[in-house]
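Undergrad: The listed protein sequences correspond, in order, to chains A and B. Residue numbers for the first sequence follow my numbering, beginning at 1 and rising by one. Residue numbers for the second sequence follow my numbering, beginning at 1 and rising by one.
Note that these hints are calculated values from the structure, not bench results. Any given hint could turn out to be false.
Said to hold, decoys possible - Straight line, CA to CA, 20 Å or less: simulated EDC-like cross-link-like pairs of lysine to aspartate or glutamate: (1) A/70 x B/220; (2) A/71 x B/217; (3) B/215 x B/175; (4) B/215 x B/174; (5) A/70 x B/35; (6) B/105 x A/165; (7) B/148 x B/201; (8) B/105 x B/141; (9) B/105 x A/164; (10) B/99 x A/165; (11) A/70 x B/168; (12) B/105 x B/133; (13) A/70 x B/56; (14) B/215 x A/165; (15) A/159 x A/174; (16) A/71 x B/220; (17) B/215 x B/180; (18) A/71 x B/221; (19) A/234 x A/209; (20) B/80 x A/215; (21) B/80 x A/174; (22) B/69 x B/154; (23) B/105 x B/90; (24) B/99 x A/256; (25) B/69 x B/141; (26) B/80 x A/209; (27) B/99 x A/69; (28) A/260 x A/136; (29) A/71 x A/215; (30) B/148 x B/130; (31) B/69 x B/35; (32) B/99 x A/108; (33) B/105 x A/109; (34) A/159 x A/108; (35) B/215 x A/164; (36) B/215 x B/185; (37) A/67 x B/180.
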Amino acid sequence: MNLTLRLAWRNLWRQPRRTWLTTGAMVFSNIILAVMVSLQFGMYDMMIDNTLAVFTGHLQVQAPGYKDDKKMRQSIPNAAGLAASLRQNLDVDTVAVRGTAFALASSDERSFGIQVIGIQPEYEASVSSLPGLLSEGRYPADNFAAEVVIGNVLARNLKVTIGDELTLLGSGRDGSFAAAVVIVTGIFDTGMADLDRSIAQLPLGAFQDVFSMGDQAHEIVIRVADLSLVPGIKQQVQGLLPADENLVVFDWDELEPSLKQAIQADIASAWFMYGILIILVAFSVLNTVLMSVLERTREFGIVMSLGLTPGRLGRLVVLETMLMGLMGLILGTLLGAGLILWLGANGFSYPGMEEMAERFNMPAKIYPQLSLVPLFLGPVIVFAGTLIAAVYPAIRLHWLEPVQAMRAA
Amino acid sequence: MNVFKNFLSLFLIGVVFAAPAHALDPRELVREAIDHWRGVASVGEMTMIIHRPDWERTMSMQSWTQGTKESLVRVTAPQKDRGNGTLMIDNSMWNYSPKVNRVIKVPSSMMGQSWMGSDFSNKDVSRSDDIVDQYTHTLLETTEHDGKTVYVIESVPLEEAAVVWGREVLRIRDDLVLLEQRYYDQEDQLVQTLEALEIGEMGGRVIALRQRMSKQDAPEEWTEMQVKTMSYDVNLDPGMFTLANLRNPRN
C-alpha cells in the first residue's frame with residue numbers, strides 16, 4: 001500500500017500543470033460552496049431572527065389550546081407576575097407579556113375590525129422591533145394609559161392622526177361588553193401589511209381593564225440572545241412554570257412553522273445550483289483521470305504483463321484521484337474558512353441592503369459564522385463526486401489486454 | 001269509450017296540475033313564518049344564555065321590532081352591561097355602549113362576527129328576512145310534529161346574494177312555527193343549527209319560546225334565546241328606530 005501511495009503521488013506530479021488545473025477547479029468550487037453555504041446559513045439565522053424580532057419572539061408561554069383556538073378565555077393567570085419571575089430566573093430583561101382581543105375600532109368617520117394587543121410598555125421593545133418602528137408620535141409610557149399605537153395603514157383607513165380619539169368596542173373575557181375611548185399617540189410602519197392594517201397596541205394595564213382580563217394575559221414572549229440558545233432556555237422556562245396551570249412553552253418553530261418551510265424551500269433551490277456546480281467539477285475530474293489513464297495505456301500494458309493485477313492498478317488510479325481530491329478539499333476549505341472569517345469580522349452586505357435594513361429596523365450586514373457543517377458540507381460532496389468520477393477509468397482497466405495495450409501508440 | 005278515456009286523461013291532468021296549486025308556495029311559507037315570529041310590530045323581553053363548556057353567561061334584553069326591517073335590542077341585565085344596545089334598520093347595524101357613550105356603525109366586514117359574544121352572528125340577527133328575498137325555496141318533504149304538518153324546505157341563496165351559507169334547511173310547522181333551521185356551508189357541511197326547544201303561546205301567538213343555536217363541531221357551545229314576554233301588533237313610537245333613541249332611550 002505504501003508503495004502504491006508513493007506511486008500515486010509521483011504519478012500526480014508527472015503532469016503538474018494538469019494536476020494543478022484540476023485541483024484548482026476543485027479548490028475554486030470548494031471555496032464557493034463553503035462560503036455560499038455558510039453565508040446562506042448565516043442569512044437564514046438573520047432571517048429567522050428578524051422575522052421573530054418583529055413580533056413573535058423566540059419562545060412564548062401560553063395557556064393550553066390558545067395557539068390553535070386563540071380564544072380569549074385561554075389565558076395565563078397572573079401573567080405579569082410570572083413574566084417578572086421568568087426575568088429574574090433567566091436573568092434577562094427580554095420577557096414581555098401580551099394580551100390579545102378582537103375589537104371594532106372606530107374613528108369619527110370609519111370603523112374596522114382589528115386586533116387589540118395589550119403590551120407592557122416597559123418591556124415590549126426588548127422582545128419586538130415594532131416599538132422602534134414608529135414613524136410618528138411616541139410609544140405609550142404608562143402601563144394604564146388609554147393610549148394606543150396603530151399601524152400606518154390602519155391610521156389611513158380610519159383617517160386618524162396623532163392625538164385623535166378611537167373607540168374600541170368588543171367583548172371582554174367574561175363575555176361582557178368591552179368599550180373604551182383611547183387616544184392615538186403613535187403610528188408605526190413595519191412595512192408588513194398585515195401588521196400595519198390590523199393591529200393596535202394598548203398598554204397591558206389598560207387592556208386588562210377594558211377587556212375584563214383581571215391579571216390575565218395570553219402570551220409571555222421571550223427573546224433570547226442567540227437562536228442556538230432556544231432549546232436550552234425552552235427547557236429552563238418549562239421548569240419555571242407553575243405546576244398547577246399546565247401552561248405550555250412553544251419555540252419559534254412551533255409558533256411560525258411557515259418560516260422553516262420557507263427556509264427549506266430556499267435550501268432546496270440553492271442545492272439545485274450547487275448540484276450543477278458539483279457535477280461540473282466531477283466531470284472535469286473524470287476528464288483528467290481518463291486522460292491520465294489513456295495516455296498511460298502502454299505503461300499499464302507493460303506492468304500488467306509483468307503480473308500486476310487490474311485491481312491493484314485500479315486502486316492506484318483511484319488513489320491518485322483521492323489524493324488530488326484531498327488537496328482540493330484541504331486547500332478549498334482552508335481558503336474558504338479564511339474568507340468566511342474575514343466576512344464574519346467585516347460583515348457582508350450588498351448595495352441597497354443598508355437602506356432596507358434601516359427601513360425594517362434590522363441589522364445592516366450579514367455576519368456568516370464559521371461552523372463545521374456549512375463549511376464542510378459542500379467540499380465533502382465535491383470530494384465524493386471526484387471519487388465517483390474515478391470509478392469509470394479504474395473499471396476500464398479490467399478490459400485492458402496487456403499485449404494490445406503495449407502496442408498502443 | 002274513447003271519449004271516456006280522453007275525459008279520464010283530462011281529469012288526471014287536471015289533478016296533476018292542480019296539486020301544486022294546493023301545496024303552498026315554500027317562499028310564501030317562509031315569509032309567513034318570519035312575519036308570524038315578528039308580527040307587524042312587537043315588544044318583548046328575552047333572556048340570552050351563552051353556554052360554553054367551562055362557563056355560562058346570562059343576559060336579559062328588551063326588543064322592539066317593526067315590520068321586517070327595523071329592530072332594536074337593549075340589554076337590561078347584568079348591571080355591568082346594562083344600556084348596551086343594537087339598532088338594526090334594513091341590513092345596517094349600529095351598536096351603542098354607555099361606557100363610551102357612542103354609537104358605532106358595524107361595518108359590513110364585521111357582520112359575520114359574533115353578536116354580543118353569542119353564537120349568533122351580526123348577520124344572523126340583522127338579516128332575518130334576507131332568506132325570503134335572496135333565496136330560492138324548494139319543498140323537500142312534509143312530516144308530522146305534535147299532530148301538525150311540518151314542511152321541510154330547502155333554501156338556496158341566489159348566486160348574487162351576499163350570504164356565507166351554501167344552503168339552509170328549514171322545518172316550518174303548519175302553524176308557522178319555525179322548528180329548526182340548519183345552516184350548511186358551501187361544501188354542504190352542516191355548520192350550525194337553530195332549533196326550537198319549547199313552543200308555547202305568548203302575546204296571542206304560538207311561537208318558539210326557547211330557541212337554541214349550536215355549532216356542529218362544538219356541541220357543548222350554544223346560545224339559547226328565551227322569550228319572557230312578547231306582545232304583538234303594538235303601536236310603536238315612530239322615533240323608536242332612530243340613532244337618537246338608541247343613544248338616549250325615551251322609554
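Undergrad: All hints are to be evaluated individually against the structure, with a verdict given for each.
TA: Checked hints:
{"no.": "1", "hint": "A/70 x B/220", "verdict": "18 Å, holds"}
{"no.": "2", "hint": "A/71 x B/217", "verdict": "16 Å, holds"}
{"no.": "3", "hint": "B/215 x B/175", "verdict": "27 Å, violated"}
{"no.": "4", "hint": "B/215 x B/174", "verdict": "27 Å, violated"}
{"no.": "5", "hint": "A/70 x B/35", "verdict": "39 Å, violated"}
{"no.": "6", "hint": "B/105 x A/165", "verdict": "16 Å, holds"}
{"no.": "7", "hint": "B/148 x B/201", "verdict": "16 Å, holds"}
{"no.": "8", "hint": "B/105 x B/141", "verdict": "41 Å, violated"}
{"no.": "9", "hint": "B/105 x A/164", "verdict": "19 Å, holds"}
{"no.": "10", "hint": "B/99 x A/165", "verdict": "15 Å, holds"}
{"no.": "11", "hint": "A/70 x B/168", "verdict": "29 Å, violated"}
{"no.": "12", "hint": "B/105 x B/133", "verdict": "24 Å, violated"}
{"no.": "13", "hint": "A/70 x B/56", "verdict": "19 Å, holds"}
{"no.": "14", "hint": "B/215 x A/165", "verdict": "37 Å, violated"}
{"no.": "15", "hint": "A/159 x A/174", "verdict": "32 Å, violated"}
{"no.": "16", "hint": "A/71 x B/220", "verdict": "15 Å, holds"}
{"no.": "17", "hint": "B/215 x B/180", "verdict": "14 Å, holds"}
{"no.": "18", "hint": "A/71 x B/221", "verdict": "13 Å, holds"}
{"no.": "19", "hint": "A/234 x A/209", "verdict": "31 Å, violated"}
{"no.": "20", "hint": "B/80 x A/215", "verdict": "19 Å, holds"}
{"no.": "21", "hint": "B/80 x A/174", "verdict": "11 Å, holds"}
{"no.": "22", "hint": "B/69 x B/154", "verdict": "23 Å, violated"}
{"no.": "23", "hint": "B/105 x B/90", "verdict": "13 Å, holds"}
{"no.": "24", "hint": "B/99 x A/256", "verdict": "38 Å, violated"}
{"no.": "25", "hint": "B/69 x B/141", "verdict": "30 Å, violated"}
{"no.": "26", "hint": "B/80 x A/209", "verdict": "13 Å, holds"}
{"no.": "27", "hint": "B/99 x A/69", "verdict": "29 Å, violated"}
{"no.": "28", "hint": "A/260 x A/136", "verdict": "33 Å, violated"}
{"no.": "29", "hint": "A/71 x A/215", "verdict": "17 Å, holds"}
{"no.": "30", "hint": "B/148 x B/130", "verdict": "27 Å, violated"}
{"no.": "31", "hint": "B/69 x B/35", "verdict": "11 Å, holds"}
{"no.": "32", "hint": "B/99 x A/108", "verdict": "17 Å, holds"}
{"no.": "33", "hint": "B/105 x A/109", "verdict": "10 Å, holds"}
{"no.": "34", "hint": "A/159 x A/108", "verdict": "8 Å, holds"}
{"no.": "35", "hint": "B/215 x A/164", "verdict": "40 Å, violated"}
{"no.": "36", "hint": "B/215 x B/185", "verdict": "12 Å, holds"}
{"no.": "37", "hint": "A/67 x B/180", "verdict": "34 Å, violated"}
Going down the numbered hints, you'll see the structure goes against 3, 4, 5, 8, 11, 12, 14, 15, 19, 22, 24, 25, 27, 28, 30, 35, 37, while the others check out.
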